[in-house]
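Visitor: Oh and the sequence shown: position 147 is 147 in the UniProt record's numbering, straight run, nothing missing.
Calculated directly from the structure, the hints in this document are not laboratory data. Owing to the predicted nature of the structure, the values given are computational and were not obtained by experimental measurement. Heads up, the beta-carbon is just placed ideally off N, CA and C, and yes, glycines get one too. Hints are supplied without guarantee of correctness; some may be wrong.
[Claimed, not checked] Straight-line Cα separation of at most 27 Å, BS3-like style, residue types lysine-lysine; simulated pairs:
| hint | residue 1 | residue 2 |
| --- | --- | --- |
| 1 | K57 | K189 |
| 2 | K264 | K244 |
| 3 | K62 | K12 |
| 4 | K214 | K198 |
| 5 | K99 | K75 |
| 6 | K93 | K189 |
| 7 | K62 | K213 |
| 8 | K177 | K214 |
| 9 | K75 | K98 |
| 10 | K57 | K185 |
| 11 | K93 | K159 |
| 12 | K267 | K177 |
| 13 | K93 | K156 |
| 14 | K213 | K237 |
| 15 | K267 | K101 |
| 16 | K267 | K244 |
| 17 | K237 | K57 |
| 18 | K12 | K75 |
[What the hints assert, rightly or not] Here are the in silico distance ranges between beta carbons for each label pair:
| hint | residue 1 | residue 2 | range |
| --- | --- | --- | --- |
| 19 | K12 | A130 | 26 to 36 Å |
| 20 | N211 | A250 | 31 to 41 Å |
| 21 | P77 | E97 | 16 to 26 Å |
| 22 | K99 | T52 | 24 to 34 Å |
| 23 | D194 | V249 | 49 to 59 Å |
| 24 | R236 | Y87 | 24 to 34 Å |
| 25 | K257 | P77 | 47 to 57 Å |
| 26 | R143 | P77 | 38 to 48 Å |
| 27 | Q94 | K244 | 41 to 51 Å |
| 28 | D175 | G146 | 22 to 32 Å |
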Amino acid sequence: MDLKPLVKCEPKEHFENIRDLTIRDDDIVICGYSKAGTHWLWEVLNMLRNKTTEYKKDVKEKQMIEFLQKGDLDKEPSPRVLNTHLYPSLLPKQLLEKKTKLVYLIRNPKDTAVSLYFHFYGLQGLAPYAGDVHDFIDIFLHRELGLGTWFEYVLKWEKFLQTTDNPVYFLPYEDMKENPVHHVKELSKFLEIDVSDKLTEDIVEACSFRNLKKASEEQKHDPLKPLWKEGQSMYRKGQVGDWKNYFTVAENEEFDKVYQEKMKASKLQFRYI
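Let's have the full structure, built from the sequences with the hints guiding it.
Guide: Below is the structure:
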């Protein structure tokens, strides 16, 4: 993805500025590869922190570390739920020094690949992609996207999580989909927020895919909206196992082969259905 439309300086200077960003003591940061479900989790955590089921009027991109200019981040009111798709080595230094709480969201790579294809396909005004889903699966496996490969990203984060002093809540997307009430309760404990069972259930309902998609379309000021192709949006399906609707048998076999080779040093296990 070309960062130039989103930032006010050259990428090298921008990433140097990111390292020097000021992090507040009460910040929490969602980390994860693109299309891991961070929009969903961002809404959940904002509702938890504010003890409400009201949706944020702004979009998540306003609190994404890599899209913020030096000075802009300070304008965002507390409590802040920040988000990043950055590699660990590019994180703000204060995030590590202050041992900021991190929520690491991870999604199985097959669903990630399909979701990412539709993201690039739909965002014609920012990251145009003219190929089909089968071409994209090949790119996902064998070439480097603008945000880095999923495999390299996940391996680097796995290594980082083994050594960091930051408190981390490790959250597989598939687990959150299967039992959202449980994980919202556990997240409230992790963040030391006292919420009732009723509010927990109400947050889960407010952040269902159907309700989030509706809120995104009707309530939010989204500066990216003009960039989407007609009929496309940030919220597409949000399902586990949607990859089966697009992968051929041969592509699935190739994917498994490449995964085994590239992830042989990993201890991670994923659910695909």
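Visitor: So which of those numbered hints doesn't the model satisfy?
Guide: none
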